[in-house]
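Sequences listed follow chains G and W, in order.
Its first residue numbered 1, the first sequence is counted upward by one per residue in the numbering used here.
Its first residue numbered 1, the second sequence is counted upward by one per residue in the numbering used here.
Some clues are possibly wrong.
In silico DSS-like pairs for lysine-lysine, Cα to Cα no more than 25 Å straight-line [as the list claims (entries may be wrong)]:
no., chain 1, residue 1, chain 2, residue 2
1, G, 32, W, 114
2, W, 114, W, 134
3, W, 114, G, 258
4, G, 175, G, 258
No lab work stands behind these hints: they were computed from the structure.
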Amino acid sequence: MSKDPDRMRRLEPAAIAGVMSREIANFRTFWKATAFSSLLEPTIYLLAFGLGLGTTIVTNVEGVDYIEFVGTGIVATAVIFASALPSMFGTFIKYRFQRTYDAILAAPVDVEELVTAEVLWIAMRAGFFGCFPILVCFFFGLSPTWGMLLIPFFGFVTACGFAAFGMAVAGTVSKIDQFNYVTTVVITPLFLVAGTFFPINQLPEGFQIAAQFNPLYQLVELVRGAAFGFETVDILRLLGLIVFSLVLWRIAIHQLTKRLID
Amino acid sequence: MPLDLPLECPIRLSNVFKSFGSIRAVDGLDLDVPAGSCLGLLGPNGAGKSTTMRLLTGQAIADSGDLEVLGFELPKQSKSARARMGLVPQLDNLDVDVSVEENLKVSARLYRVKDIPAAVDRALDLARLTDRRKDAVDELSGGMRRRMLLARGLIHDPDLILLDEPTVGLDPQIRTQIWTLIDDLRSRGKTVLMSTHYIEEAERLADDIAVMAHGKIIARGKPSDLVTEFAGELTAEVYGPPDRLTEVRALADAEGLRSRPAGPAVAIVGADRDRHTFIPPEAVWRAASLEDVFVLLTGEEAE
Ligand SMILES: Nc1ncnc2c1ncn2[C@@H]1O[C@H](COP(=O)(O)OP(=O)(O)O)[C@@H](O)[C@H]1O
Ligand SMILES: [Mg+2]
Numbered sequence: 001m002s003k004d005p006d007r008m009r010r011l012e013p014a015a016i017a018g019v020m021s022r023e024i025a026n027f028r029t030f031w032k033a034t035a036f037s038s039l040l041e042p043t044i045y046l047l048a049f050g051l052g053l054g055t056t057i058v059t060n061v062e063g064v065d066y067i068e069f070v071g072t073g074i075v076a077t078a079v080i081f082a083s084a085l086p087s088m089f090g091t092f093i094k095y096r097f098q099r100t101y102d103a104i105l106a107a108p109v110d111v112e113e114l115v116t117a118e119v120l121w122i123a124m125r126a127g128f129f130g131c132f133p134i135l136v137c138f139f140f141g142l143s144p145t146w147g148m149l150l151i152p153f154f155g156f157v158t159a160c161g162f163a164a165f166g167m168a169v170a171g172t173v174s175k176i177d178q179f180n181y182v183t184t185v186v187i188t189p190l191f192l193v194a195g196t197f198f199p200i201n202q203l204p205e206g207f208q209i210a211a212q213f214n215p216l217y218q219l220v221e222l223v224r225g226a227a228f229g230f231e232t233v234d235i236l237r238l239l240g241l242i243v244f245s246l247v248l249w250r251i252a253i254h255q256l257t258k259r260l261i262d
Numbered sequence: 001m002p003l004d005l006p007l008e009c010p011i012r013l014s015n016v017f018k019s020f021g022s023i024r025a026v027d028g029l030d031l032d033v034p035a036g037s038c039l040g041l042l043g044p045n046g047a048g049k050s051t052t053m054r055l056l057t058g059q060a061i062a063d064s065g066d067l068e069v070l071g072f073e074l075p076k077q078s079k080s081a082r083a084r085m086g087l088v089p090q091l092d093n094l095d096v097d098v099s100v101e102e103n104l105k106v107s108a109r110l111y112r113v114k115d116i117p118a119a120v121d122r123a124l125d126l127a128r129l130t131d132r133r134k135d136a137v138d139e140l141s142g143g144m145r146r147r148m149l150l151a152r153g154l155i156h157d158p159d160l161i162l163l164d165e166p167t168v169g170l171d172p173q174i175r176t177q178i179w180t181l182i183d184d185l186r187s188r189g190k191t192v193l194m195s196t197h198y199i200e201e202a203e204r205l206a207d208d209i210a211v212m213a214h215g216k217i218i219a220r221g222k223p224s225d226l227v228t229e230f231a232g233e234l235t236a237e238v239y240g241p242p243d244r245l246t247e248v249r250a251l252a253d254a255e256g257l258r259s260r261p262a263g264p265a266v267a268i269v270g271a272d273r274d275r276h277t278f279i280p281p282e283a284v285w286r287a288a289s290l291e292d293v294f295v296l297l298t299g300e301e302a303e
């Protein structure tokens, strides 16, 4: 048969929705733990850094209260930890131990749709929980702005990239222990040199240039823009994050196709 | 070809090869499964049965060969084929923390089922799990999970069903339950491809058996025809000390008869009581069986 009138298309919304509905069904069994840690972790960071450092060593950075500086920065931390890590571990567990992806791919769902659905779902979650630090900050005196309504969107776009990154890594490693290398060599440095706890412009120039390529730094800047006023360059930051996410999305599809289709 | 016309053969594989490194998992496989029949793919572990199933669902891509499923060419049109085909995998891959009902609903969405509540009710009824619908899969017994896996594979009422070792590792009692479900599918005229390494399962359920070894089909036919063709009518089982058995096998060899170890005995296949006088009078004579065929053809002990 050469031509088939109802040949199925790529990236079908129904397939993506189906895979996401599976994630939602599972998430309903553990959302409380996720919500709890998403709220508690930034609170701990804020207390430790914001109050600990902020009242003793530094009081303000770039004209902003240190606690507000850190609080806005921690959004990026929350986003990467809510996207890259669950995606890395979740993907590995799902294809290696639970064989979930075998079940999904036996249905009319392609790897491309599978990856897209997983990335979108994790990014939605991370975009949502990434806002919790801001909410906590309100209790420490940060004033709400209209711009802050964009923070879930910024978090979502960045999280798409990191969720795809996690999937790509999971599709590449052969053993779960190898994630340790990735967290130590990639995730921890990205998170430390993102301008979350201290401003980048006080670092040596090499670091400052490197930071420009750190998606987390761009996210931190966007969140601070939302809280304290945007600059024109923020458009470029957002475009950069979109490109980052698109590239990693394709890489994740490529790596998982190699892993899932013999 | 219009899709509504009944296909003669929902599965057509011709000269299919698939290697993993130096392992030839599928090695020149030819396989047609006629519509409405249940074909038993009988082969020992490692014969290439699961790889064949994965080729059919597009989860493995053949190195070469022609593959057609439900009139769709693989791997190009695999997604359309998958939409109308159901798979019951060898290994359980249900979502264990999620309820029975939710698992089925997700599957229904993945298969684009229109009336999801009706499909879920039907599947629950089939798996006889209606009263457990709200329970997490974790809380089900092994047999219930197997029934559910089967029902999940049928959620979209597919035309073609692939069963990969549907009762592997199950208690005899649960195995019988699953067999009843498969019987029911056959009576509804579904086309079924079932792999198994249990001879009894193939004999009991399949209209037609294809014996697979080392990645290809080495014999094909109705169970009774296979027995007549490859094992003749009668088999003699000779019991005795190991030395004696070795001797008997050598004698059988000399007569051009095939023999095989069968537990504590030696089974001499295709023997004739009058002609083969070397067979001792205390030998136990029985009708040749599919097990004789399987062991002779594959060189593997039967399970
Ligand atoms: N993904 C894989 N990578 C490497 N070897 C594989 C893979 N899948 C199957 N094999 C090998 O291919 C052969 C056939 O395996 P399989 O199709 O699972 O057999 P069966 O299902 O009949 O037991 C075996 O030797 C097995 O080890
Ligand atoms: Mg197998």
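Status of each hint after checking the structure:
1. 32(G) <-> 114(W): 32 Å, violated
2. 114(W) <-> 134(W): With Cα atoms ~22 Å apart, residue 114(W) and residue 134(W) stay inside 25 Å; holds.
3. 114(W) <-> 258(G): 32 Å, violated
4. 175(G) <-> 258(G): Status holds; Cα separation ~16 Å.
Checked against the numbered hints above, the structure violates hints 1 and 3; every other hint is satisfied.
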